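Position chain D with the ligands relative to chain V; hints supplied.
Taken in order, these protein sequences are the chains called V and D.
Numbering that gives the first Met the number 0 puts the first residue of the first sequence at 0, with every later residue one more than the last.
Numbering that gives the first Met the number 0 puts the first residue of the second sequence at 0, with every later residue one more than the last.
Bear in mind the hints are in silico, worked out from the structure with no lab data behind them.
For clarity, every value in this text was computed on a predicted model and none was experimentally measured.
Each hint should be verified, as a subset may be incorrect.
Said to hold, decoys possible - Here chain D is said to cover these stretches of chain V; the calculated rule only asks that three of the stretch's residues, wherever they fall, bring their Cβ under 8 Å from a Cβ of chain D: (1) 38-50; (2) 96-103; (3) 220-234; (4) 258-271.
To be verified - Listed next, the stretches of chain V that the computed footprint assigns to chain D, with coverage defined by at least 3 CB atoms under 8 Å from CB atoms of chain D: (5) 119-130; (6) 134-147.
Claimed, not checked - In the PhoX-like style, the derived pairs of lysine-lysine whose C-alpha atoms are separated by at most 20 Å in a straight line are: (7) K352(D) with K62(V); (8) K118(D) with K194(D); (9) K352(D) with K59(V).
Built from N, CA and C at the ideal position, the CB exists for glycine as well.
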Amino acid sequence: MTGSFWLPDGASTLSSEIDSLFHFVNWASIILFVGVVVAIAYLAYRYRRRPGGPAPMRVKPNKMVEISWVVLPTILVLIVFNWGFRLFVEQSVAPPNAYEVYVRGAMWKWDFEYPTGAVTTNELHVPVDRPVRLVMSSADVLHSFFVPAFRVKQDVLPKRYSAVWFEATRVDTFQVFCTEYCGMGHSVMLASVITHSQGDFEAWLASAGVDEDTPLPELGAQLYQQQACIGCHTLDGTEIIGPTFAGLYGKTETLDDGSTVVVDDDYLRESIVDPNAKIVQGYANVPMPAGYTGLSERQLSALIAFIREQQ
Amino acid sequence: MTEDIDRSEAAQARDAEEHSGHGDYITHAKSIRSWMFSVDHKRIGILYAVTAAIAFLAAGVFALLVRAELLIPGETFLSAQSYNQLFSLHGIVMVFGFIIPAIPGFLGNFLLPIHLGAKDVAFPRLNLFSYYLYLLGVILIIVAMVVGSVDTGWTFYTPYSARTGPAVLFLAMAVFIAGFASIFTGINFIVTVHKMRAPGMTWNRLPLFVWSIYSTSIVQVLATPVLGITVLLLFLERLLQIGIFDPALGGDPILFQHFFWFYSHPAVYIMILPGFGIISELIATFSRQRIYGYMAIALSSVAIAMLGFLVWGHHMFVSGQSVISSVIFSLITYLIGIPSGIKVFNWIATMYKGSISFKTPMLYALSFLVLFTIGGVTGIMVGVLAVDIHLHDTYYVVGHFHYVMMGGTVIALLGGLHYWWPKITGRMYNEVCGQIAAFLIFVGLNLTFFTQLVLGSRGMPRRYNDYLPEFTFLHQLSTIGSWIMGLGLFLVLGYLLVSLFRGKKAGANPWGGATLEWTHTGPRPDPHNFHRTPFVTRGPYEFDRIGITHTETAEADRDADPPDVVLNQDRT
Ligand SMILES: [Cu+2]
Ligand SMILES: [Cu+2]
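Just chain D, with the same shape it has in the complex:
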């Protein structure tokens, strides 16, 4: 039986025939060159995936080392200096090498054009160029690592960063370059969404993943230049000894913090918005249900992207900024909490009267709802002016943003990776291993970061390589949690690698998804995605009324619409 849900077997057979000649996007050309210089958005997506995965692995290992050092009070195997370098590298590589580029670069590239019914992004060559800028950025980060002694944390606060070792210059350069990759990708995606939609793909028929990538792109384009300017100024200050941020030269360190957070708070949304998009796709498909409040979710992403520019000062309540600005920043911070809350309620409501399957991707989506809620409410807590005075720069903040970044973005990315894995590789992974790993990661993550919330509110400052005896027990729990989480992640790496070579061949639509990549491409998409431009006649989650057709065969395909009963069967 065909696994495709809304296209006739005849249509598929015809596709297969037409394509027997040149193969899908992976098999049609095999040389290394054809990968390194490909302008195919799907191949570029995979280049991003591999690079980001390596960055994630490295940064994850740094984190495990940091946690291991904290297992026993006192200096064990890392000196204070190496500890500081490791947590800095963990932060810098995670943020700039992995979490910012990963979802837009990998899944965004792979899916955005297909979701729109387009052949490619608007500027395929620029897309390849962005990738190489990003790669160069990551390599420079590694060079800085080898040169050594960057110990500023990912925040590069002056004047400390103006005094520490010279490698900080390399890092600034790396971040500057990676920033341009981000800007170009953003521009590319915005133009693509505006200009490349297939006939009938109206704004309210866009998959929510597209909406989220679109909002992210806006933030990337508007915020990243500020980061570029800031690191450039940092660079010039170091090089020419002109006073901008360093008070010893007449500069102002608070100015640096304003610049830095003017980028880095919106950057938080660059990190989390694409995750929101993935979660919308997962919950819809695995509940076989239209998204509840499609427009609310779509527009709240845009609202978050905009409001996100007005709250940077909530990182600076104890920095010495004026009381009145702290008050304003706190108020706006709450306002931005509301749209995020609405999304969570909408996702939960989507499950109502659905038909819910608990495959690995859905397990990640459900974990996301739980973990992101914790991240959200702890965010409200640190936004409370009077309470943040106590919590700022403690482990509470560390716990909070790891719930959002790890429990939110990384979990969403893992869910997306498992969901689209068959589409990308054409193969299935081992479902049992997938579920075990999802469970391990969920448990490990909570053990690691919940203990950090308690550590922090009890007074444990962050970025300490040693701690008072009273904190020992909680630190040890947290470290054990990090091992469980690490085990889960290595398990994922293991079975996905096995699946690449031994996995069962996947059908074109193993989950019963209704977006174009499932209904209008083969198990793996063709080099140009579609043989004919799709003609879109329905929204992305109308599982009960599938009406996407090829322009030519509109009638035939509509006749072949499968009835609800078929939809309701678990086909995998």
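Same shape as in the complex, but just chain V:
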């Protein structure tokens, strides 16, 4: 990552002013800090205890000095407060013409739904040079949507909407982090913001969500990645957070309550849309997140076809 020593490269309309404020406070802090250290070092050396050294002398308090070290810092912090406050208002209020995308955070992935109805997972596509407002909510616990390059962050809450806005200034791919602790997959709840020029974005949007021509298993393979199943289910037989898909179809699965069930299409469907209905033995502590109710019938069939192929 490039950028200054302290901050990554900014890429939104507000980032440069936020950076200026950061650097202002930072330099003021460095000057104050150096002042403190120099004063300590000087006094420590000058008045070190040594044989034959002078006796400690009483010091009369000096009103001017005292007033100045109360008033100067107060003025400084008030300047900083005022600056931070004005910027904060700008950050909080999205321009009226903003392009809106709905964001849904769930353990541990991000879904983005565009006004056309197209949905992407862990990839947010937006145009540059146009304000974008994200309306966000969570399917389960708290999450937080953070794009360092845009200097924006906002908590995402269950059963409540929160919003954040930015206007990207260049075409690139930017990292998204979840910054509110949300359990085991918190560190992998990553996504990217992909910015397009206005024309490219229209083109992307027109093609997004169109998957009629893709054969089911192939679509399933794409969904396996996009929907983040890959984070918990492997295809090579190793067990990570969830059971492997290798050899799953047709086998007899032992459930948490001791009963058994043969893995068929119905069981798979239920496992995806209502994972808590039947929990596989050994996984009761961290069951599968219940965030997949939004999948379409075709997508479900595709996933099932895909799992069926993993023998």
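Quick look at chain D with the ligands alone, frame taken from chain V:
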């Protein structure tokens, strides 16, 4: 030559004679029972010290493990789940098992009555009871550890904490109980300061350590009940499935954050104010100088304690609270920064025209000034509304509060521990080892946490068990720093243990302190601290005009006042 600075040899010889019969507070009774059921504030202080030290050791080891996992990108030796449990335990044990109770429980208990010229705290039995509540709290935390799977972080944010494993209930219970220990201790100290001061010990003659413990106690008494209520509600919600904080049941997760920070921000001052008190004592004694702006320091502690209740919302700028409340919280946050700044300036000014000795405790005091300044200015940074949006929940915040908690409180505690060690144990430690350890800790701490500031402002979120490749180098520096710091701390543990058995015997006043524990008690205090109630005729830092006397022998002792020249000699 006697090491006592303001009492005649005759007075000391008489004390020794009077006391040859029953020994000091350690030797007068030796059975385990006499320790476990002692109502002597000094012994209770030591019980706290041992328990808190064990908690610190455990929580420190958790932190070292967390840092070790972050040495190499990707999962190395900890699964995501165990990583989350470890950082949660690090936070919970550090906060509730160590940093909140440590200084008031240990040094507060040991010193407060002596500083006031009293025999004990106002309610000695309540004091013992507080200790056992605290111990029970710590044990329950450990039980929760064994039961396993607490991975909520020390903040217990809902609704996550409403869903994770059942051990969170134990922890809530533990925190609830430990909270009561804190409340009782607070009440006890407040009453003690009001009612138990020796004749002549006016409010403006109180050592600043007392002022800081007094302010802390106010916060403990007023804020901790809110924590109790919050964890109780959490508990009830889990148990009875009533919706308070969990939106799935109709509750409100933001409400939890308000409750939590309504306690936990003032709790930050419970953690740091006693440290301020220690630093005042150290700088005065090792500069042989009156504290510059005594009243400013004393009252700013009280001001901080009060204002501290009005800023909790600065933890919630991105939580979804209203813009206007964020603005107000940010403004008040700055106002509370000012008194802390004033203290730092006053401490530095105290060194002016002093006679400064660089013994281990003073090295810690100087480290404190440097580290706490970094903690303070980074605090101003995260208080800036627009900038905090970027920094919130990143390593910048982690770096900031470790500079305050570790660079502030822990460093102050280490300074205090070394300063009062001879008074508590009657023995000296190895000074060279002490200085080396102080240096290692200073270097390690900066390496660990400065890199975290940079990591955070570059975008590294906190509570991640893995990170993107671009953060590798800084994470590795931070982990190496944690080893250097760990080495320093283990060195301290080592030479202090050696000192317990082999240390040189200490005199009653090895540093030339002017507060009552140095001038009016033996190398180790007696079971009841003083043979006669001290009669106080001067302030705590009047090294040049020592005038504390025993009521009876006022004249004799005043005659024995040592002249300045004697004061100016380095006696150790
Ligand atoms: Cu998260
Ligand atoms: Cu706070």
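Hint check results:
Chain D is given as covering the stretch 38-50 of chain V, and this holds because 8 residues of the stretch bring a CB closer than 8 Å to a CB of that chain, at least three being needed. For a cut-off of 8 Å, the count of residues in the stretch 96-103 of chain V with a CB near a CB of chain D stands at 0, and the three-residue condition is violated. Against chain D, the stretch 220-234 of chain V contributes 0 residues with a C-beta closer than 8 Å to a partner C-beta. That does not satisfy the three-residue criterion, and the hint is violated. Beta-carbon proximity to chain D at under 8 Å applies to 0 residues in the stretch 258-271 of chain V; the threshold of 3 is not reached and the given coverage is violated.
Judged by the Cβ-Cβ criterion of 8 Å, the stretch 119-130 of chain V is not covered by chain D as claimed, because only 0 of its residues qualify and three are needed. Given as covered by chain D, the stretch 134-147 of chain V passes the check, having 6 residues with a CB less than 8 Å from a CB of that chain where 3 are the minimum. This hinted pair checks out: K352(D) and K62(V) have alpha carbons roughly 18 Å apart, not beyond 20 Å. Restraint check: the Cα-Cα separation between K118(D) and K194(D) comes to about 12 Å, which is no more than 20 Å; the hinted pair holds.
Straight-line distance between C-alpha atoms of K352(D) and K59(V) comes to about 11 Å, which keeps the hinted pair within the 20 Å bound.
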